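Sequence lines, in order, name chains A and B.
If you count by the numbering used here, then the first sequence holds residues 8 to 372, one letter each, in order.
If you count by the numbering used here, then the second sequence holds residues 859 to 1165, one letter each, in order.
Accuracy of the hints is not assured; some may be wrong.
As the list claims (entries may be wrong) - Chain A side only, calculated, beta carbon under 8 Å to chain B, not exhaustive:
1) 19
2) 56
3) 58
4) 76
5) 89
6) 93
7) 94
8) 95
9) 104
10) 105
11) 111
12) 113
13) 114
14) 117
15) 305
16) 320
To be clear, the hints were calculated from the coordinates, so they are not data collected in a lab.
What you are looking at is a predicted structure, and each value in this text was computed from that prediction instead of being measured.
Yeah, the Cβ is synthetic: ideal placement off N, Cα and C, and Gly gets one too.
Next come the chains, spelled out residue by residue.
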Amino acid sequence: MSVVFDHVTKRYGEVDALVDFSLVADDGEFMVLVGPSGCGKTTALRIVAGLDDPDGGGVYIDGRDVTDLKPRERDIAMVFQSYALYPQMSVYDNIAFGLRTRRASKGGINQAVRNAADLLGLSDLLKRKPGQLSGGQRQRVALGRAIVRRPNAFLMDEPLSNLDAKLRAQTRIELIRLHRQIQKTVLYVTHDQVEAMTMGERIAVMDRGQLQQVGTANEVYAQPANLFVAQFIGTPAMTIFEGALLEHAGVMAVEADELRVTLSAEQANVVRAGGADAVSVGVRPEHIDIASQFGERPAAAAFDARVDVIESLGNEIHATLLMNARSIIARLDPDASLRVGQDERFAIAPDHLLLFDPKSGRRLG
Amino acid sequence: MSRADASLRVRRGRLITRGAGELLAAAPFLLPSLLLFGVFVFYPLVRSVYLGFHATDPFGRREVWIGIEQYRDVLTSSDFVNSLFVTGQFTLYTVIPATAIGLYLALLAHQRLPGIVVFRTIFSSTVASSVAVSSVMFLLLLNPGIGVLNYLIDRTGGPTVSWLTDPAWALPAVAMTTVWMNLGFATIVILAGLQNIPDDLYEAARADGASPRDEFLHVTLPGLSPTLLFVSVVGVIFAFQSFGQIHILTRGGPLDSTTVIVYSIYQEAFLHYNIGLASAQAVVLFVIVLLLTLAQFAIAQRWVFYR
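Just chain B, same shape as in the assembly (with noise of 0.2 Å):
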């Protein structure tokens, strides 16, 4: 062996033991969040997958082996194949309003105008109410009888609506809710997005001979295409793990037509106590969203830029 082959398994010796020396001295800083991570995250994940493998009593236990039957029944069942659509629409009416509403409110609150920061703290609000208290607020806004959204309706002479009783409504209605409760979130990103694209690039513009339309296409848009692709990816993954103001407006109903996913999975586990189902649903939900995710990163690729 010659020396300099010996000095080279020395010098990986001591990488080595650096290296272990290294990760003892971060196991107290990163224990805390594995523990949270592992608790709450991982082993909920890696269970759901072996649950969805097993049927199971009420309580989850006496686990047998049934092999992918969950998995194929999840898929092939009529109920599944209307929550995923369900999911689908609700996911459509909730995140391009969010976006485009976003965008507009941010774009307003952008202004450089004495007193602008009461607009911007009131567009962002919505971020600090709970999807309960935001639930109940929307419950009697829309209440048939007392809510402000049909005296209004009545009041201009338009049909008023029994928003969530009427099936055709229902999912419009919790979708309204939602677009409010992600608004503020929306806001404050897109504004954020808005401070950062450099006031060189609104000037160099203007003296090109570039119309505020212009200006807004060329400048504007480009430089938020990251901040959107954001928003519109966290907004999917919101409306694919909607539940509270689901359950508190409409327990799924009526006729199913606001059970999305999730709802259907709490259906499945809580009220028929069918855990492996259940998983089996989870599972593939993760799937759906994590291919969903991806999808939305190549598509976008294609036009987001990144300074």
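The following block holds chain A by itself, in its conformation from the complex (with noise of 0.2 Å):
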């Protein structure tokens, strides 16, 4: 079942959590709401579920108009940050409960009880009351919950948040083949962007009560559609240039500070094309290397800079770069020999410069 919204706004005393946000999440896909806190994400998935009602715009369940529907006439089934247990009833009673309210048949509710419970490996834990469970089995039961009611739509907010870092990659996984055996629509939000792009067969990222973008993981990440995505996905954030643009002898370069980046032709037609007489210039931590690594490819740009921070995570290593006072974010071959203060020559490849304009922020091309 699709879910749409369609031109929503919600504001909350002074602030404008959601603007003319218009989203289409497909039938049986599964949609990521990502964005920094007081993006409005939250608001867009509960006015969703019914919780809080829109300002103005509406929203649609398969087609239907449910912007003026109880919660309980929506069909739809909420996985919540805190899980939100009934912490006096046992597992059974908790995933059983949507099923009683809707006056089910007790054979009915027993089987499809079971039948979560074993997608969900809870069989043994039937008995249990919540406060005798990890985090993580809390988690399974708040998720059997949902899909035990076999609802039109899952709406999920951050439910990994809770979870150490271990059993939340794990869930990760078990959420998506979940979700590709059941084939439901799933809105799911979270500030955490490795969830985003792990997750979500398609993304959209807001900031500030506003849509962003839409697009799969590699979409947003490659081809960001304003300065705002493309510093909010990928980590450590890409570094941004800003300066004005140079040309001569028909090669056109930005001039930043003391950086000088020499732009491809084609990155030069992009730009023309714009007609702008500064551009920022977004460059991500892998396009940046020693200078001696480059050898004898060409580079973009090169720079002196200081070691700042080293971070190392084994299988590379995030340098932070002092250029005076502006730091650069490298991602480095974790073979590279660096040490904090060190003064060293670095260099920027050409090929995946992303151009933006300075005043507007949308990408340019």
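Each chain sits in its own coordinate frame; assemble them with the hints.
So this is what it looks like as structure tokens:
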């Protein structure tokens, strides 16, 4: 069942939680809403659930206008960040609750609860109370409570954020599998871009109540619609150089402080089409390397910087470089022999530069 | 002796000296409350048990050991059994209505509405009025001739009641006063309990398709269970300790129909000057309240959920 936001707006007092928000999650799609806190992603979810009413616009589930319907009439299930399990009820009763409120038959409830418990590996825990479960088990009960009703769509509000890192990675995979099995539409809210990138079939990036971009993980990473998406998606964040355009002997360059970034002919055409006299250049950390590593390969720019911080992750190094007052993050080979405080010459690979209009923030090209 | 033993002994020695040092440092902080509790709680408690085993003159002096005789007298006297019965009735008449009405008012005051703070203040205001003031107020309200209550009954065509002088109505009238007095406390505590129930649970219930009745039964009541237990335990203790309103409204009458245990103790000690017997009653009361409270907690274990 598709879920559609049609020009939805919502204000809380002075704060615009959603501004003219339109989005379509297709039938069976795993759609992730991601953004910094306060971007309106949770508000969007609550409006689909019917826990909040929009000030304007409409919400459609499977083509049906549900804007004015009560939560129970929408046939959706929600998984909360806190799990919100009923503390006095056993696991069985927690899962069965939504069926009982809908007056399902006793045999039907029993069958449905046992099926859901089987699917989630909860069969041995049905008599326990939530207080006797681990965080991961509680999370699965919350999921069980959602899937048992076979709803049209699942709404999940940061369901993994209370789990420790290892369990979160595991549960991520379980959720992907679960979605493949039940093939229902999922709207999934998170502030964690790793979750967004790994789980979302498509990702809706939001900021200040507005939709910034919708696309697959690859699209939002490689072709971010604007500066916000470019800087929000990807860890460590990309570095932005803003500078004036220079053209000399048919070669175009951007001059940001003492850094001169040379653009390829193709990139230069894109910039010319944009018609601006300044441009912001985005460089992902993996496209910066020690200059000596480039050998014969051409570089878009080269600069001297001091190594300020080194974060070693085992398979790679994140180095924060200081070029005068500007800090630049590079993702380097773990064998790169760098010391903190060392002065070194670095270079920027020419192929993957992202070019933005500094005024509107939109990507050029 | 091995070296390990020796070092253990040295360390234990240090621990003991450190413990003593800490105690010395803690003493000035503990002393004021120990002193207060000692003078007003522990000493009277021990003294009551002691006096229960002694016959005394009207001033509580010239103590003569008479063993458990007075305790036996207390437990077999029809007066005491009556006061026990009255206390039981009084407890039922006060705890259940105060908790139920307090719950109702707290649910009303828990709504998010403009100006709700005014109602919260009104609902909880009775905590701020003393026993004496409340009692005198009700003395007027309950007055058979000029009281508002009889006036209202009369206006609606009902039979008026001699509230405080009719043996059938005196205890309900005193209980009514007490319910009013305890209502503020019950409302405040239950309101605080309501505010502790996470909104998530209500939202989950709504998404699960729960009706308002389902929400009340499966979210509100279980979430309030520790609070309701607390309110009822304290209510029972209040009921067993009630004195002021009875003294002002009925003085235990008519026909001992409002003589609760505490009032009976008062009469025994300060009207009949039977200090030993009064002490014995007080000890029996202490044991009853203790057992009741333990029983309430034991029963509550089955249905109270601490999150």
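Verification of the hints:
no. : hint : verdict
1   : 19   : violated, 14 Å
2   : 56   : holds, 6 Å
3   : 58   : holds, 5 Å
4   : 76   : violated, 12 Å
5   : 89   : holds, 5 Å
6   : 93   : holds, 6 Å
7   : 94   : holds, 5 Å
8   : 95   : holds, 4 Å
9   : 104  : holds, 5 Å
10  : 105  : holds, 4 Å
11  : 111  : violated, 11 Å
12  : 113  : violated, 17 Å
13  : 114  : violated, 19 Å
14  : 117  : violated, 18 Å
15  : 305  : violated, 56 Å
16  : 320  : violated, 35 Å
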